[in-house]
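S.K.: One letter stands for each residue in the lines below.
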Amino acid sequence: MRNSIFSLALNALSGHKHWQPTWRDAEPRAAYDVIIIGGGGHGLATAHYLAKIYGITNVAVLEKSWIGSGNVGRNTTIVRSNYLLPGNIPFYELSMKLWEGLEQDLNYNAMVSQRGVLNLFHSDGQRDGYVRRGNAMRLHGVDAELLDQAAVRKLYPFLDFDHARFPIQGGLLQKRGGTVRHDAVAWGYAKTASARGVDIVQNCEVRGFIVEDGQVVGVETSRGSIRAGKVGMAVAGASSQVAAMAGLKLPIESHVLQAFVSEGLKPLIPGVITFGAGHFYISQSDKGGLVFGGDIDGYNSYAQRGNLPVVEDVCEGGMALMPMIGRLRLLRSWGGLMDMSMDGSPIIDRTPISGLYLNAGWCYGGFKATPASGLSFAHLLATDTAHETAKAYRLDRFATGHMLDEKGQGAQPNLH
Amino acid sequence: MSGRRLASGGLINRAAPVRFAFDGRDFAGFAGDTVASALLANGVGLVGRSFKYHRPRGVFSAGPEEPNALVELRNGTRREPNTKATTAELFAGLVARSQNRWPSLAFDVLAINQLASPIFVAGFYYKTFMWPAVLWEKLYEPLIRRAAGLGKASVETDPDSYEKATAFCDVLVIGSGPAGLMAALTAGRAGARVIVAEEDFPLGGRLLAETYEIDGMPGAAWTAGVEAELRALPNVRIMRRTVVFGVYDGGTYGALERVSDHLAVPPPHQPRQRLWKLVAKRTVLAAGAIERPVVFGGNDRPGVMLASAVRSYANRFGVAAGERIAVFTTGDDGWRTAGDLLAQGVTVAAVIDPRTEVAPAVRALAGGAEVYLGAMVRDAHGAHGLRRIDVVRADGSSVSIAADVLAVSGGWNPTASLATHHGARTEWSDTKLAFLPGKTPPGLAVAGAAAGNFTTAEALADGVRLGNEAAVALGFTATSIAAIRTSDESFAVAPLFHVAAARTKAFVDLQNDVTVKDIALAEREGFRSVEHLKRYTTLGMATDQGKTSNVNGLAIMAELTGRSIPETGSTRSRPPHVPVAIGAFAGLHKGLDFKPTRLPASHGWAVARGAVFVETGQWLRAQWYPQPGETDWLTSVTREVKAVRGGAGICDVSTLGKIALEGPDVGAFLDRVYANMFSTLPVGRARYGLMLREDGIVMDDGTTARLADERFVMSTTTINAGKVMQHLEFCHQVLWPELDLDMVSVTEQWAQFAVAGPSSRQLLQTLFGPGVDLSDAAVPYMAARELQLDSIPARLFRLSFSGELAYEIAVPARFGAALAGALVTAGAGLGVVPYGTEALGVMRVEKGHVAGNELNGTSTAGDLGLGRMLSSKKDFIGRTMAARPGLVDPARPALVGLRPVDRAQRLRAGAHFLARDAKAEAANDAGYMTSVVFSPELGHWIGLGLLANGPQRHGEIIRAYDALRGEDIAVEVVPPVHVDPEGVRLRG
Amino acid sequence: MRIDCPFCGSREIVEFSYLGDAGVQRPAPDAGSVFTDYVYLRDNVAGRHREYWYHGSGCHSWLVVERDTRSHEIFSVDYAHRETVR
Amino acid sequence: MGKLAPRSAFAGLLHSAGPSAAPGVLVREETGLGLATVFARAPYFPRLVQSAYGIIPPETSQVVSNGAVAFIGTGPGKWLALSRNGAAGWRDELATALGVTGSVIDQSDGFGVLRVSGEKVRATFEKGFPVDLHPSVFKPRSVAVTLVAHIGVTLWQIDDAPTYELAIARSFAGSFAHWLTSSAAEFGLRVEV
Ligand SMILES: Cc1cc2nc3c(=O)[nH]c(=O)nc-3n(C[C@H](O)[C@H](O)[C@H](O)COP(=O)(O)OP(=O)(O)OC[C@H]3O[C@@H](n4cnc5c(N)ncnc54)[C@H](O)[C@@H]3O)c2cc1C
Ligand SMILES: NC(=O)c1ccc[n+]([C@@H]2O[C@H](COP(=O)([O-])OP(=O)(O)OC[C@H]3O[C@@H](n4cnc5c(N)ncnc54)[C@H](O)[C@@H]3O)[C@@H](O)[C@H]2O)c1
Ligand SMILES: Cc1cc2nc3c(=O)[nH]c(=O)nc-3n(C[C@H](O)[C@H](O)[C@H](O)COP(=O)(O)O)c2cc1C
Ligand SMILES: [Zn+2]
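Residue numbers (this note's numbering), protein chains in the order written: chain L, 1 to 416; chain D, 1 to 988; chain C, 1 to 86; chain W, 1 to 193.
This is chain L alone, in the form it adopts within the complex:
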């Protein structure tokens, strides 16, 4: 009743009438050519490339919550292609190239910022490992530079060079690496996919598969059943749960990764820095917050929140690397659900069930992969063949022994 005297309110709010919704918040239809489960970066990018490159527009992206609510909306925004293994480098480099042209492609500014990614090393063995990596990158035509201690000091004079437990020896720098405004990636892909006719359906949780004659022909959702010619999964941390609905068991565990942001500050850290003697990496957002993170909490979790020991571990690493951040304050911490694969590398492949396609296993590094993952998954969905750069991401590589283990940790997902 009282509300009536205040309902005048709405009339004043007409200043920006001409703006349209960035994407259509669609109602689900009865059937599509392709359904993509998961309105994260990868799902939305897949829809964009399906429509743009393969001309397949009768597509729905089904998101159980709001788009971007998963890891694409909670990552530390680092993009780079400084990988080691031949199965990975071309893929991540394709992604890097797509980032470089993203804004023009989407007509949406996702603030791709090639401010440089520096990986520090603190021992001869680590240096040799980075040299091996840098040279592998150069063989693939990817930029990489080796910095000695003096060069690192020049770039980042405030790092602890003089009282460090593990002195900095140098670093591997990829200048083309950097950061991208994470949420805008989801919104930008949603915008262009939607404009090309893709239905973006929020608050639509997939709860089961419709299987006929051993073939997946649709999904059961919180908003009814929807049929589809093909169904692609891009649900990151929920991969095992969704796969289980189709009776599949994956080489994946879900773990929580935390991230942190400080209070806003005037420009302090120009690029991205990764500590080599502890779990800590950092960059500064355009809003001024220091965005940083470290290792996963290390146990299976679907809680989307972590625990205190990892916060301490990360801050210890931070203080060891840059003791000037001691008085700066941590503003917020959060967690995301990582689909940790058994060798630390992703899977983009058909599944043993016809009609069902898998995009998973991104661990904590799948944000940078978003464009290439979308493109490769679209390629797979459209052509039933693996994209040139994603051929190594097979599901059967564990059975055949062709793992892509960048860290050499073996089948222990919490160590990747």
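Derived from the structure by calculation, the hints contain no laboratory data. Here the structure is a predicted model, which is why all the values come from computation and not from measurement. Backbone N, C-alpha and C define an ideal beta-carbon position, used for all residues, glycine too. It is possible that some hints are incorrect.
Stated by the list, open to error - 27 Å max Cα-Cα, derived DSSO-like pairs, lysine-lysine:
| id | chain 1 | residue 1 | chain 2 | residue 2 |
| --- | --- | --- | --- | --- |
| 1 | D | K52 | D | K152 |
| 2 | L | K97 | D | K138 |
| 3 | D | K723 | L | K407 |
| 4 | D | K127 | L | K175 |
| 5 | L | K266 | D | K152 |
| 6 | L | K97 | D | K52 |
| 7 | L | K391 | D | K919 |
| 8 | D | K919 | L | K266 |
| 9 | D | K505 | D | K517 |
| 10 | L | K266 | D | K505 |
Said to hold, decoys possible - Short, incomplete list of chain C residues facing chain D, as computed with Cβ under 7 Å:
| id | residue |
| --- | --- |
| 11 | M1 |
| 12 | R26 |
| 13 | P29 |
| 14 | V34 |
| 15 | F35 |
| 16 | Y54 |
| 17 | H60 |
| 18 | F75 |
| 19 | A80 |
| 20 | H81 |
Following the hints, complete the assembly by docking chains D, C and W with the ligands onto the known chain L.
M.R.: Chains D, C and W with the ligands only, in chain L's frame:
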């Protein structure tokens, strides 16, 4: 004192004046003041500039919810940007500066941003700055970055120290308002171990800021009585200046104690802050509530304040926030501000309430002041400080009222965020007009205003009830507490979140400059989920995390979308509840204390000999021992290697992992964990062993010796010692508990030295004396002996990593340093040298032994030329998986040796291999160099590497391509063993 | 998170290392592709999960912890193999 | 050869710190201890211990002592057996006493042992020990194997004073001493000999 300090009253110590500086001007306040109260007392209304539009801002609140009054506190290396003036305690000599303004607070050039505000709407970044792409990093982004952010950080090392501590209790009480005090008292009287954590410096919560009475006493006096009783209880611990910032699993709460922040510098041996982990069986969350403002035009003007804050300043700090104070309230509570001000003799310009009817007792609080019922404040005016407000009545007519402060109250938001840290959302109550805690974390109950029970009487009753409940749940007997008399409080409030008729810019989030229009725009663009709204507009993302803005923002979104508030929902709150210094989370683990340092027993001895040290995991090991005149490491290392190969050298190898295994089934166990056979190892012998992971990849290597029938000692690499121990215990406890054996690490027990070189036997003979037979027959290659050295138990192994005649000798660690000395003495005539890890590495590469660079977690036994070690006679960890096609592919890169064709050239580890004429591109990548050393024996650089089809390519010339260093040199593929391939020397 | 070690009592997780699903069983030698499943495939349940933890900074016991992966609530902790306790 | 001179784990590492008038924490290195890790291998193991030393090894995280010899429970079926009669021969003595019923591994040099007491010892330990040391929970005879500032520590309580003893792996002695010194400094730390 001049300015706005009231003649009497407040909890400040008027006998203790405190001088401080703000923006270079000197001021005085009193002990017990915050920076904000002292500034207000001095009539300073303008304290900062806003984030985006650089609008002038003043103190808005009196607590941690402050969005505006952020200052840079202290100077130099202690500079603390974004410090809330409303919680910073005043101390003598305090220095503060305003932020985000240039050149001065009063005249800020970037305030022209306001003129461009029609374009700077929410999300404007996303729609522009795209062409040309190259300009983003060069031009647009630097501009945006410079304009954004608030305070400036020091780039120097924080000079203060931090500590971490853990405390346990039965009942943790968070907050010490009436609810918290009673919870602590009841649980404490019942005998429970209680911790009371209070963020503020005194106990009491709102009682310090209000004038109502409890048991006939002013709130502060009553608080003092309860505090005295709590202090007398040995089982109660009161932690002031301690904010609980996070609720973690297992009853663990993160808390920050500001030990020395109220002092100019920490006292000797005291940290600046202490990070607490409070482990509680039960918790009572009594964190109170934060007042909610109403959004109207110009509501960010300095002088527009929360009504409760105006009361806090008057009652707790003895400060009148203004000279003519108007009150705009949607509920009864705001009227109390008028009443308290009038009682202190401050002019109340008007009381404006949108409700048309107000209870007579409430109405009476306004005394003779002008009252506008059924009316709202539409706009506030005044550049650097409030001058007047426009009030609009229900009939649309308006009136302008002069005022320098407007006290605003739109209801209260319970401080329940801690209760949501496990993920449960809060639930909207239409009766309380507030989000109340929903499902709480295990063991946590919410009391008082934090639960939406806003009156003092309810808070007290909640505290008693929940304090007792917690105690009883833990087996204590409830205590009864006589009813406590309180003044009457009425809590009626009407829903009004923003004034739609506003004509000027109306701010929802004061710190991030999010306006009502921004929310409307977000809605139009489809960002209707509150979480989208937040991310698109940055509503609630500033240092205050939206404590005074979130609810208004979502209420406006609810109106725009025609949904109810519960349908619209609230955003997720996350730890920390208030921002916490990063240094506090690290405690003392920074600089050299980042990780503990492990030192072998001979460390001091090595220091005395001038060794250079290297970190190996947590160990510090001697890397080489420079001699006078040696200026580069290569000279020293080359000398050491030559001395070893020419005579004798000693090297501390104590850091290698050592595991004692005892029991009848050790042999059987080792057969299962090693790829090769161990049950057949005779007593008194050692064998090299290779351990795989279950996925078939090499995990670690080392030698294991059988000292007695049922007694073995295993060695591991330094880096993998812990990992191997864990693996073996898994295999034993989980996979094969039926095997009868025990194991324990003895790494620390034994100091062990390699004694290597052709004269090593002679050296040891001198050491042991003629009574011990060290002949080849008595101690052959791979022998393991337990013997006595000076009646000290010692172990002697005839092992060689260097390829020379060599031994390892171990003694109990207390004798380690002495043994190092004794070895050097014994070898004096033999040219013995101590050698470090570099020389060790040189000799192992010369001998083609694999180490960390080759055992990199992706190599198989076959890759390392050790394929024959995989026994086919037994099962062992990794056997089945090692047979997968991908792991036995003959084209896999495998171990080879490398030499530069031009012997003068240096090799580089990490270089990749290319066929001689191949183009430098990925398709031709044939492997990489794993280890390189300068071989004194051969007089040139040599390397080990993993090369595709390597073993078939001995003699081939290929290229080592190191694009990073701009090198591309021809190398010859050779067998991995560069020196003494027949192994003549080691059999000595 | 805290784990109530049957020997040491309640301790913070930093003292423990995690290995993962305790439901998997090492197959007999030469079991072939079953080994691939053992080494690589996981149920990865959202809910009650039996998992291995190692009290490496305490008593060195391998433990089986039953824990809800959604809430982190712990229901039980026991030695991985009671037989090892003699 | 001359005799090898032993050097204790904490030799030269402990220093008094902070206010010295009434130090809140007292520390002393206990040298000359025999230490061994002992595993029970047969059901009659406790009886053999009892007949040799008159004490029954505790099955929980407790320490049982006859004054000269203590069995400190560090894990299921596992003890740190401590002798105050010196390291020499301790392993062999135990091995003989226990025969096939137990495995005995010498650790006399594996750990440095500190004895810590004083008014403020709990307040100091709070800054590192993640274990509840309140007198109602951790009492004389209680044992905890835990992590302090990333360093493994075995702690047992001697008396109500309270007095504690701590065993720290030898290579960590320097880092542990540093933690103890900085944590106790505010209360005053005095090194006793
Ligand atoms: C803290 C953190 C930091 C990170 N930092 C980086 C980094 O710096 N660089 C980098 O490259 N990567 C980083 N990552 C990893 C990266 O964010 C992820 O790998 C990547 O975002 C995963 O792909 P996605 O965007 O498609 O996933 P998501 O955004 O998680 O998308 C999956 C979507 O599927 C939805 N979904 C799940 N189940 C269902 C269902 N049943 N029905 C319908 N929808 C469903 C989810 O709601 C979700 O929106 C980080 C991750 C985290 C958590
Ligand atoms: N009548 C009304 O409209 C109304 C509304 C709100 C509050 N009040 C008054 O407020 C009081 C409510 O009592 P109460 O005890 O529930 O709350 P309180 O506000 O009196 O006390 C809460 C205390 O908790 C502390 N605190 C908050 N978060 C903390 C944290 N994370 N860690 C440590 N300390 C923290 C605060 O500093 C404060 O001292 C009553 O006196 C009541 O009259 C009245
Ligand atoms: C790169 C990046 C920067 C962020 N910056 C801020 C920030 O300045 N302020 C803030 O409150 N949260 C910030 N966040 C955190 C979000 O508020 C939020 O916690 C995160 O997206 C996860 O969502 P959730 O906490 O709602 O689960 C940032 C997140 C990311 C990924
Ligand atoms: Zn334990």
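S.K.: Decide, hint by hint, whether the structure agrees.
M.R.: Verification of the hints:
1. For a cut-off of 27 Å, the pair hint linking K52(D) to K152(D) stands: about 16 Å separates their Cα positions.
2. A hinted pair counts as satisfied when its Cα atoms are at most 27 Å apart, and K97(L) with K138(D) qualifies at roughly 19 Å.
3. Between the alpha carbons of K723(D) and K407(L) the distance comes to roughly 16 Å, so the proposed pair stays at or under 27 Å and holds.
4. The hinted pair formed by K127(D) and K175(L) meets the criterion: a straight-line CA distance of about 26 Å does not exceed 27 Å.
5. Between the alpha carbons of K266(L) and K152(D) the distance comes to roughly 5 Å, so the proposed pair stays at or under 27 Å and holds.
6. A C-alpha spacing of about 33 Å is found between K97(L) and K52(D), which places the hinted pair above 27 Å, so the restraint is violated.
7. Under the criterion of a C-alpha separation no larger than 27 Å, the hint pairing K391(L) with K919(D) is consistent with the structure, at around 23 Å.
8. With a CA separation close to 47 Å, the supplied pair K919(D) and K266(L) exceeds the 27 Å bound.
9. Under the criterion of a C-alpha separation no larger than 27 Å, the hint pairing K505(D) with K517(D) is consistent with the structure, at around 8 Å.
10. Using a Cα cut-off of 27 Å, the hinted pair K266(L) and K505(D) holds, with the two alpha carbons roughly 26 Å apart.
11. Interface restraint check: M1(C) against chain D, minimum CB-CB distance 4 Å, threshold 7 Å, status holds.
12. This hint holds: R26(C) has a C-beta 6 Å from the nearest C-beta of chain D, less than the 7 Å allowed.
13. At its closest, the beta carbon of P29(C) sits 4 Å from a beta carbon of chain D; the interface hint therefore holds under the 7 Å criterion.
14. Contact between V34(C) and chain D, as hinted, is not supported at the beta carbon level, the nearest pair being about 9 Å apart and thus beyond 7 Å.
15. For F35(C), the suggested interface contact is upheld, since its CB lies about 4 Å from the closest CB of chain D, less than 7 Å.
16. With 7 Å as the threshold, the beta carbon of Y54(C) comes within range of chain D, its nearest partner Cβ sitting at about 6 Å, so the hint holds.
17. For H60(C), the interface hint holds, since its Cβ comes within 7 Å of a Cβ in chain D; the closest pair sits about 6 Å apart.
18. The closest approach between the C-beta of F75(C) and any C-beta of chain D is roughly 12 Å, which is over the 7 Å cut-off, so the hint fails.
19. The closest approach between the C-beta of A80(C) and any C-beta of chain D is roughly 5 Å, which is under the 7 Å cut-off, so the hint is satisfied.
20. The restraint placing H81(C) at the interface with chain D holds, with a minimum CB-CB distance near 4 Å, inside the 7 Å limit.
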